[in-house]
Amino acid sequence: MRNALTIARREIGAALASPVAYVLFGAFAFLYGYFFADYLQSFVEAGMRMSQMGGFSGGTLNVNTDLLRWLMASTAILVLFLLPLLSMRTVSEEIRSGTMELLLTAPITDGQIVIGKFLAAFALYGGMLALTGLHVGVLFWFSQPEIAPLLAAYLGLLLLGAGLLALGLFFSSLTRNQIVAGLLTFGALLVLWLVEFAGARGGELGRLLAYLSVTGHMEGFARGVIATRDLVFYLSFAAFWLYLARESVRSRRWRG
Amino acid sequence: MPRNLGHRLLQVERVSKRYGRTLAVADLSFGVAKGEVLGFLGPNGAGKTTTMRVITGFMPPSEGRVLVGGLDIAEAPLEVRRRIGYLPENPPLYPEMEVAAFLDFAARLRGVPRGRVRAAVARAVERCALGQARDHIIGKLSRGYRQRVGLAQALVHEPELLVLDEPTAGLDPKQIHETRKLIRTLAGERTVVLSTHILPEVAVTCDRVVIIAGGRLRAEDTPERLVARSGAAGRGGGTWEIETAPPADAAEAALRAVPGVARVEAGSETAERTLVLQVEAAGDRAIATDIARALLAAGCPLYGLRRGGASLEDVFLALTTEETEGNGTGEVTGESGAPEEDA
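For the record, the sequence lines run as chains A and B. All letters in the first sequence, in the order written, are residues 356 to 611 by this note's numbering. All letters in the second sequence, in the order written, are residues 1280 to 1622 by this note's numbering.
Bear in mind the hints are in silico, worked out from the structure with no lab data behind them. Here the structure is a predicted model, which is why all the values come from computation and not from measurement. One or more hints might be untrue.
As the list claims (entries may be wrong) - Just so you have them, the derived chain B footprint on chain A, three or more residues with Cβ under 8 Å:
id, region
1, 369–377
2, 445–455
3, 461–469
Built from N, CA and C at the ideal position, the CB exists for glycine as well.
With the rest of the complex left out, here is chain A:
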């Protein structure tokens, strides 16, 4: 574990020394801020309409189910598009610059290299998500959202991110070119996102495709429901790609 942390620490330092992390954080803050403002405005307008109608509609607005739920679901899509930028350099850059030779001749296992890289990317992702605390905090200022569903949603986002980063790490370990790694990751995620729509057509195959959708499993979390099948999906998804990443790093030794 100490070895993995050594790698992770250097990795975070490197990411913060390059502009990519800041561009990413900035893009995320901007897009998330836009979503937030947009959803908030709709929410407020709906609330005003409702009070004008004097409760004839028979419903009430809830900040959790009518605002945060949609916001979190949209954040999941945002994360899907942005995380390849975070994972693409992890291993590719080491291969390109020759520092992979340093790591592969150090007294650490291939698994520790992969875990260290993963932890670093995950920590940066956590930092990125923390930016959203500002917006959500504003809601607490004016309203009383329930905290438990919100935490469930964040848990879902973290798990989703873990899965996406693991997949990105694997593609990064395939090539010395981080742009190629980023594009491969992006392509793979696009497919895993679109299967959700293919899955909507129903049938056995449709059910399978729907199950494979990386964002589909986020819906429960966004509603505040922590379901075992979603937990299992994300954890096994991350473990699967981390395993492949380790095998890919190992195979570098044979290829030279």
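Mind docking chain B on chain A? Use the hints.
This is chain B only, laid out in the frame that chain A set:
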């Protein structure tokens, strides 16, 4: 140090390495005794880097095995790697890091205990004369400094075995001199394997030489004995370089008359009325006196007389060109008649 296998820190046994269908290293065996500096010599593409990558555990051999301190690298990879410091051909550096931070990382990565990291970094910085660059960003350092940082990261955990792939490549003469000096100071306490295709480097820094070409072992011996052996192999006692003045005829005639001189070759005529002659002669160094006497007797001036420095080069060329002619015969190994070497 008796030359038995037990005292060898590094033992390479019948190692082969294939990349697909290409055979990069074929059935290579050699050993390095503790405290020795071994020069690993060969033309480009001879399999030097591949061999070093196998020794350092970067890649497993296709066949054969490597023992470091008696441990098989395939069976105890982490333990073996802990004992090795490796400087690849391109120093593996993170350009965005500061020198001290990078060495700190390298020390931790190599398993230096937390409490000793700081001291280890300080020692490596001092040893490689990096004091002034300590807080500089690696990406902004000159080639020479970067090479030194590379050396420092290989040394930082005080490894028993140092593997250096072309440690002086791309350095200026002063830096080369400093690097060689550093390597010499390491000899004795550490065991060093260094690869190079620069011949004088071997003569200056190495106790023993392994010459490979086409992935095969061509020779293994001390630099001096390799030269001596190639001399005994039939090309005469050695070459001498003589500086005199033109005309060439007089000098050549005088030299040919010296008993033992086999061949006289007129060399270049330089601007300051200096003529350089190459003489091949049998016999020992006493012949230098005869050569000098003959020249002076013939009325030629003598500006310089020295033993040709190219002899190791001759050995190297002789051994490595055989391979390109396609026959694997004529291999010379130091195992045959060399019991006195380690006295």
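Results for each hint:
1. 369–377: holds (count 3)
2. 445–455: Holds, because 4 residues of the region 445–455 of chain A bring their Cβ atoms closer than 8 Å to Cβ atoms of chain B.
3. 461–469: The restraint on the region 461–469 of chain A holds, since 4 of its residues have a Cβ under 8 Å from chain B and three suffice.
Of the numbered hints listed earlier, not one is contradicted by the structure.
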